[in-house]
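Protein chains in written order, with numbering that gives the first Met the number 0: chain A, 0 to 96; chain B, 0 to 96; chain C, 0 to 96; chain D, 0 to 96.
Calculated directly from the structure, the hints in this document are not laboratory data. Do not take every clue at face value.
No copy labels: a pair is met if it fits in one copy or bridges any two.
[Unchecked claim] Using 20 Å as the maximum straight-line C-alpha spacing, the simulated EDC-like pairs for lysine to aspartate or glutamate come out as follows:
1) Lys91 x Glu34
2) Lys93 x Glu62
3) Lys91 x Glu21
4) Lys86 x Glu34
5) Lys93 x Glu21
6) Lys91 x Asp81
7) Lys77 x Asp54
8) Lys93 x Glu27
9) Lys77 x Glu43
It should be emphasised that the depicted structure is a prediction, and the values quoted were computed from it without experimental measurement.
For reference, the chains in residue letters:
Protein chains: 4
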Amino acid sequence: MIVDFSIAPIGHGESLSRSVAEAYRIIEASGVRHEFHAMGTNLEGEWDEVMAVVDACRLRLLETCSRVSISLRIDDRKGAPDRLGRKVASAKAKAGL
Amino acid sequence: MIVDFSIAPIGHGESLSRSVAEAYRIIEASGVRHEFHAMGTNLEGEWDEVMAVVDACRLRLLETCSRVSISLRIDDRKGAPDRLGRKVASAKAKAGL
Amino acid sequence: MIVDFSIAPIGHGESLSRSVAEAYRIIEASGVRHEFHAMGTNLEGEWDEVMAVVDACRLRLLETCSRVSISLRIDDRKGAPDRLGRKVASAKAKAGL
Amino acid sequence: MIVDFSIAPIGHGESLSRSVAEAYRIIEASGVRHEFHAMGTNLEGEWDEVMAVVDACRLRLLETCSRVSISLRIDDRKGAPDRLGRKVASAKAKAGL
Chain A
0 MIVDFSIAPI GHGESLSRSV AEAYRIIEAS GVRHEFHAMG TNLEGEWDEV
50 MAVVDACRLR LLETCSRVSI SLRIDDRKGA PDRLGRKVAS AKAKAGL
Chain B
0 MIVDFSIAPI GHGESLSRSV AEAYRIIEAS GVRHEFHAMG TNLEGEWDEV
50 MAVVDACRLR LLETCSRVSI SLRIDDRKGA PDRLGRKVAS AKAKAGL
Chain C
0 MIVDFSIAPI GHGESLSRSV AEAYRIIEAS GVRHEFHAMG TNLEGEWDEV
50 MAVVDACRLR LLETCSRVSI SLRIDDRKGA PDRLGRKVAS AKAKAGL
Chain D
0 MIVDFSIAPI GHGESLSRSV AEAYRIIEAS GVRHEFHAMG TNLEGEWDEV
50 MAVVDACRLR LLETCSRVSI SLRIDDRKGA PDRLGRKVAS AKAKAGL
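Go ahead and model the full structure; you've got the sequences and the hints to work with.
Structure below.
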């Protein structure tokens with residue numbers, strides 16, 4: 000499955016960049032396949048491994064703030080691994096772009 | 000934490016009511032505190048118990064279809080249990096409604 | 000269409016209740032059909048009227064903070080008006096609850 | 000503001016690639032700054048121009064199906080234009096990646 004994951008502390012000032020950097024380090028160290036984008040990170044893997052990464056980011060942020068907001072959008076398709084790098088190229092080709 | 004949870008099969012016809020009914024039964028049987036609303040269900044509990052309910056719904060839907068879409072919006076606030084029934088009343092009071 | 004709408008200022012402290020109260024007043028005064036729930040508000044109407052309410056809440060919050068986060072999940076179904084009050088009851092009935 | 004935008008027809012079979020291709024063409028032709036990613040498209044611009052693109056995609060899909068699901072996550076920050084290409088690089092730099 001692919002998960003579009005976004006996390007932010009609530010009540011920690013307008014800049015979220017320190018929290019985003021913490022999450023980036025956890026994601027990068029996790030070994031889970033991923034693509035950062037401007038509004039979140041797409042993670043690809045099985046339920047347990049992807050959710051472990053999300054939970055680790057959540058627990059890390061809760062060490063330094065007391066409220067966290069998380070958004071997850073999941074696309075789970077049986078028998079369709081390794082879609083992360085191909086979805087955009089495939090859609091662009093179909094669109095003739 | 001409170002999670003706004005929504006799940007739908009992809010490619011199973013325009014009516015989603017059978018899948019929603021399956022999810023309702025799993026949620027109701029789980030014992031996890033919840034409130035159904037028109038666009039999803041708010042679940043309240045610890046990470047592990049809430050995610051177990053979401054995963055059970057996911058696995059049930061994948062028995063009869065091959066692609067599932069899930070949306071989760073999480074509000075995790077330390078030391079703030081039992082907010083589910085009080086958030087709307089509290090906001091209405093503050094709004095003078 | 001039905002829209003699950005959530006809005007929050009970023010960097011304004013941990014409590015969001017004042018902003019939520021502002022949004023509640025705008026929604027209530029708009030005349031657009033709605034249901035508040037613990038994680039957002041379901042709005043029902045045509046694209047233009049629903050989006051006008053969302054935009055009004057956005058502009059109001061930006062008067063007192065400089066960064067706002069909004070989540071919208073839209074279910075747009077042709078020829079299906081007045082679903083807001085009936086969706087949960089219908090799903091519960093199908094689930095035998 | 001930046002908007003993470005995702006759209007899908009409901010009840011049109013498991014493959015969404017034709018609809019995604021239609022949306023890609025509309026987005027590309029709109030002139031609005033954007034980045035496609037595996038789970039959606041990040042659009043950057045003022046409220047009116049971004050929402051016009053979303054509405055155009057919605058209306059196009061409703062020509063060939065009768066139910067559409069849309070997700071929008073908006074990050075609206077005053078005085079912060081042209082963030083689309085810089086957010087990931089900035090977060091990576093802060094994370095030391």
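Consistency of the hints with the structure:
1. Lys91 x Glu34: both (18 Å within a copy, 12 Å between copies)
2. Lys93 x Glu62: between (45 Å within a copy, 19 Å between copies)
3. Lys91 x Glu21: Between copies, since 10 Å is at most 20 Å while 32 Å is not.
4. Lys86 x Glu34: both (12 Å within a copy, 13 Å between copies)
5. Lys93 x Glu21: Intra 37 Å, inter 9 Å, cutoff 20 Å: inter-copy only.
6. Lys91 x Asp81: Classified as within: same-chain Cα gap 17 Å, cross-chain 24 Å, threshold 20 Å.
7. Lys77 x Asp54: between (24 Å within a copy, 15 Å between copies)
8. Lys93 x Glu27: The answer is between: 13 Å across copies meets 20 Å, while 31 Å in one copy does not.
9. Lys77 x Glu43: Classified as within: same-chain Cα gap 13 Å, cross-chain 29 Å, threshold 20 Å.
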